[in-house]
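Mind docking chain B on chain A? Use the hints.
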Amino acid sequence: MSDLETLEQSLLSDIASAVDEQAIEAVRVAALGKKGSVSEMLKTLGAMSPEERQTKGPAINGLKNRVTDALSARKSELRDVAINARLIAEKVDVTLPVRQSPAERGRIHPISQVIDEIAAIFGDLGFAIAEGPDVETDHYNFTALNFPEGHPAREMHDTFFFPPDQNGERKLLRTHTSPVQIRTMETQKPPIRIVIPGKTYRQDSDATHSPMFHQVEGLVIDKTANIANMKWVLEEFCKAFFEVPSVKMRFRPSFFPFTEPSLEVDIQCDRSRPGEVRFGEGNDWMEILGCGMVHPNVLRHGGLDPDEYQGFAWGMGIDRIAMLKYGMPDLRAFFDADVRWLQHYGFRPLDMPTLFGGLSA
Amino acid sequence: MKFTLSWLKDHLDTDATLDQIVERLTSIGLEVESVDDKAALKPFVIAKVLTAERHPDADKLQVLTVDTGDGKPVQVVCGAPNARAGLVGAFAAPGAYVPGIDVTLSVGKIRGVESHGMMCSERELQLSDEHNGIIDLPADAPVGTSFAAYAHLDDPMIEINLTPNRPDATSVHGIARDLAASGLGTLKGDAVTPVAGEGDCPVKVSIEAPELCPGFALRLVRGVKNGPSPKWMQQRLLAIGLRPINALVDITNYVTFDRGRPLHVFDARKVAGNLVVRRGREGDKVMALDGREYAPTTEMCVIADDNGVESIAGIMGGEHSGCDENTTDVLIESALWDPITTARTGRTLGIITDARYRFERGVDPEFMVPGVELATKLVLELCGGQPTKTDVVGYAGHKAKVVSLPLSEIKRLTGIEVAKAESLDILTRLGFGVNGSSDVVDVTVPSWRPDVDGKADLVEEVMRIHGVDNIAPQPLGAHDAVNGKILTTLQIRTRSARRALAVRGMMEAVTWSFIPAKHAELFGGGQPSLKLSNPIAADMSDMRPSLLPGLIAAAQRNADRGVGDVALFEVSGTYESDTAEGQRRVAAGVRRGTAKLEGSGRSWSGNAGNVGVFDAKADAIAALEACGAPVDRLQIETGSPEWYHPGRSGVIKLGPKVVLGTFGEFHPRTLEGLDVSGPLCGFEVYVDAVPEPKAKPTKTKPRLDLSAFQAVKRDFAFVVDKAVEAGTLTRAALAADKKLITAVSVFDIFEGASLGEGKKSVAIEVSIQPVEKTLTDQDFEALAARIVENVKKQTGGALRS
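Taken in order, these protein sequences are the chains called A and B. Under my numbering, the first residue of the first sequence is numbered 1, with each subsequent residue one higher. Under my numbering, the first residue of the second sequence is numbered 362, with each subsequent residue one higher.
Pulled out of the complex, with its shape left as it was, chain A reads as follows:
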């Protein structure tokens, strides 16, 4: 065996037995470094005769190339080994839980969600949203709405009062959202199309009554709006809100001081399944709202001529329709802020009700 062959075998053996990148580098330096064994051999070429060079040259260069290739192959092999070892070392238990994102944890209260649903529907019908104060005057809450002083209808509204001021006038907590009808008529000329969601207060407390609750009022004033239009608006609303293809509603003549004619509206439903109400089917009638043509005296109090302008108004309980739609059994829990209840009945912060995406996705 020639020297070259011996050297090559020795180098290839060193390369094969190198166990890490450091060892392979040492082999490379020992072979191909400035004073490496192969480099030293290459240096001897200069001193050779051309004939000798002709045979030795290719042999030595061949050796160099084979060693270089072997080095690079082994290097790459070793890098793979190293990476694999690192990957094994870096393994974690991916079943460990991660923290829930805040957006998953947060909740919107059903009342806010339902108000947004209402806004989505009535926005589509060209209504604006109006608001008014909770602390009201007797004028806006009663007198301007055609509740005569001492009339039994005032009795129906178990009103919260504040102490009388120096003029003997006492403020009150509004018993309905209707005062905003007058406030709107005072500041905006017809045509008026508004819905008024907000807090209302009555001295009442049980599973379906709370001293504080939420109402949404609707008001349309122009020169033609009539009961037939009102029936259409309310039926369309109920279909859209309860997300059913059809509803059956029963309009019954009734009485409210601020509307004439006045109607109460029942909605057909099926309550045979415990804890669930289905609309558009069944044999039960459930009262859902009150409505009517705005009373001429109310139009007058709002500064409008009842022979020129006309319109309709309605009011319904937001908490109530929320309970009907989403099945909460007890109104009092709405105001308890029990996070278990909020977590269950609340809505995710990014679930925005829209008509194009369905109110409740």
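Be a bit skeptical, because a hint or two may be false.
[Said to hold, decoys possible] Heads up, incomplete: computed chain B residues facing chain A, CB under 8 Å, no partners named:
hint, residue
1, GLY390
2, SER769
3, GLN944
4, PRO1040
[As the list claims (entries may be wrong)] Computed list of chain A residues with no C-beta within reach of chain B, every gap over 10 Å:
hint, residue
5, LEU12
6, ALA16
7, LYS34
8, SER49
9, LYS56
10, ASN65
11, ASP69
12, LEU78
13, ILE88
14, GLY106
15, SER112
16, PHE122
17, PRO296
18, GLY317
19, MET328
20, LEU350
Quick caveat, the hints were computed from the structure, so don't treat them as lab data. We treat Cβ as the ideally placed atom computed from N, Cα and C, and that holds for glycine.
Using the frame of chain A, we list chain B on its own:
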């Protein structure tokens, strides 16, 4: 308002079924609240005892054979002492539910003898408390037929939920009138024939308060014999929940319901002198028929005699002059009382009676005198006696309202065309007078409809009788364009704040607007003008000055349930005064325990620490950002309200005057006052204080110039006095070169002896964005020098060596 079907049929000639009547009542506005069709009594049939033998094994039991009408006598074991051969009674077969003992019968053995049913007592049928024996009917009672029908107990009872505007429908007669007008039968004659009397009524009436009593009719009937009223009357009164007392009292109750005409009867021999109608006086006292004593005030109307107050006008009579079985001479009163006074008196005294129910709605003034006549007729029929003439005082007669009705008004308001003839016919059938033949008619309002004032009221009458169901829905005029924005800026901000806070892992609460006085006072509220005069509970008395006390209390409630790490928020109203402007729109939130943004409690990846001022600050800024506040211009200052921890709280301002919010941990005294514990922080942001954005002609965003040069970061550490605020230092650094420096952040705060007494080190990272060229080392050095110089000038600090 309750009545029975047979009672209705006294006034309405109709073939309609109960179901038809009930449906029609609701559809014309007399909403049926409940119907008792007496189905519970259907299983009981009349049966005759054929034989009665002693039970072989029981002394007190008998074995009966009973003929139930089908020719196959059944064996019944019975313990009633009056059971005997020949008795005719009420039988319940196996399978029947007996309400009085709450048992569904089955065939059973009693002491070894089979019993195939039961002969019932009145108590077992819940007819009375009678249980000394089984029902014992006359021998000619038809065996095999319905016991309820025979005993007139099958008369269905209907209850109407009457609206406050319909005094006419507080009477069976008025309800019949409405049904007849709707085409469901014919109203039977309503004229009351006067009963002639002999001589004047010896008891005179003077009205000292005519404004409270626009009329009074009085008549004496002598020589009556008062006892129980007849069975038919008792049954009707019982059916509507009234207890029969005696004939005279029952007559007044009967007429109250039959005609909506409340009456009162005085025992004439107990009345001293004449009657005076007057206001209550200091010292007045009356023991009323409910057995309670009342002290009428000057706001109330009473009927008095020489003994004092005998009756609270329009509401309840006095016990002293009431009629009993010894009454021989009876004064019948039929009067008119001011509705408002009656309502107020009833409310003040807390008395609800059938008389008040009618007078506060307004009774038919034209039926005051017929009411006396009808009562007299009934008294004579049931109790005998000789009537005097009726004395009528103070009644000026009824002046009927006339309303001009353009018939086009019906279509204008309802959207349906009702034929003129039908409209007028409906009004006529309801008792309205109609004059004129043009398209505008004069309509005279009947005396029993004080609620009808104007055109719209008449439209309602036509609409409800014609049928609301006949109005077909019509779309509301469509808008001709895509809808624009419908929400106001405040409404949008309210919604955005909600969603932004919920995205931060907080849950939205809706808490009470009224809170305990002590809580309100702790948060700067509690002024008298915002205290409810009539709170529903003592701890719901004051309008909240802040959302925080309600939220903190809610967090504590959750903690008490075992959920201590809670993050709650609310976006709602607070009340600074009782004016509309005093109601603010506030977004507020609290975090308790370890309820941090990233999550709460322990985790293998790192436990959440206690919440603190900076959690609240981050929430507050997030809420403000959602509201569109210019967050880069916010100033954070100390000096927050006293309910916060003075050293761990801040105020968020925009310029020197506009306060946008507060945040922080709470003062220990606040937590003590609220009776709560635990790591707590919170914030309040005034949504309505955020300035409106400037209106811009386009939605185009400002031009974006992206620098081509690499951005770099440089760190500096300054030693400053402890009192120096980080905000001052970072502002100073930022101001060193507004063009090149894009951001300054604080990445370390260090305090230690090595720095010297009262000193701290603040380390900042300055982000630099070259805009025109790559910066040279000299450029950086110059910039660093400017930063150090500026910080030194503003804070007195020096670069840490």
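(request) May I ask you to check that A:SER49 keeps its beta-carbon over 10 Å from the closest beta-carbon of chain B? (result) Per Cβ check, A:SER49 is outside 10 Å of chain B; nearest 59 Å; holds.
(message) If we take the beta carbon of A:ALA16, is the closest beta carbon in chain B still more than 10 Å away?
(response) holds, 44 Å
(request) Verify that the Cβ of A:LYS34 lies farther than 10 Å from every Cβ atom of chain B, and report whether the claim holds or is violated. (result) holds, 37 Å
(message) The output says A:PRO296 does not contact chain B. Does that hold with a beta carbon cutoff of 10 Å?
(response) Violated, because the least Cβ-Cβ distance between A:PRO296 and chain B comes to about 6 Å, which does not exceed 10 Å.
(request) Just double-check A:LEU12 for me: nearest Cβ-Cβ distance to chain B has to come out over 10 Å. (result) holds, 48 Å
(request) Compute the least Cβ-Cβ separation between A:MET328 and chain B, then decide whether it is above 10 Å. (result) The claim holds: A:MET328 sits with its nearest Cβ about 13 Å from chain B, beyond 10 Å.
(message) According to the definition I'm using, a residue is off the interface if its beta carbon is farther than 10 Å from all beta carbons of the partner; does A:ASN65 meet that for chain B?
(response) The claim holds: A:ASN65 sits with its nearest Cβ about 43 Å from chain B, beyond 10 Å.
(request) Mind checking the CB of B:SER769 against every CB in chain A and telling me if the closest is under 8 Å? (result) Not OK, violated: B:SER769 not within 8 Å of chain A, min 11 Å.
(message) Using Cβ atoms and 10 Å as the threshold, tell me whether A:ASP69 really stays out of contact range of chain B.
(response) The assertion about A:ASP69 holds, with a minimum of 41 Å to chain B.
(request) Test the statement that A:LEU350 is away from the interface with chain B: the closest C-beta pair must be farther apart than 10 Å. (result) Per Cβ check, A:LEU350 is inside 10 Å of chain B; nearest 7 Å; violated.
(message) According to the definition I'm using, a residue is off the interface if its beta carbon is farther than 10 Å from all beta carbons of the partner; does A:ILE88 meet that for chain B?
(response) holds, 21 Å
(request) Grab the minimum beta-carbon distance between A:LEU78 and chain B and tell me whether it stays above 10 Å. (result) holds, 35 Å
Hints 2, 4, 14, 15, 16, 17, 20, counting from the list given before, are not met by this structure.
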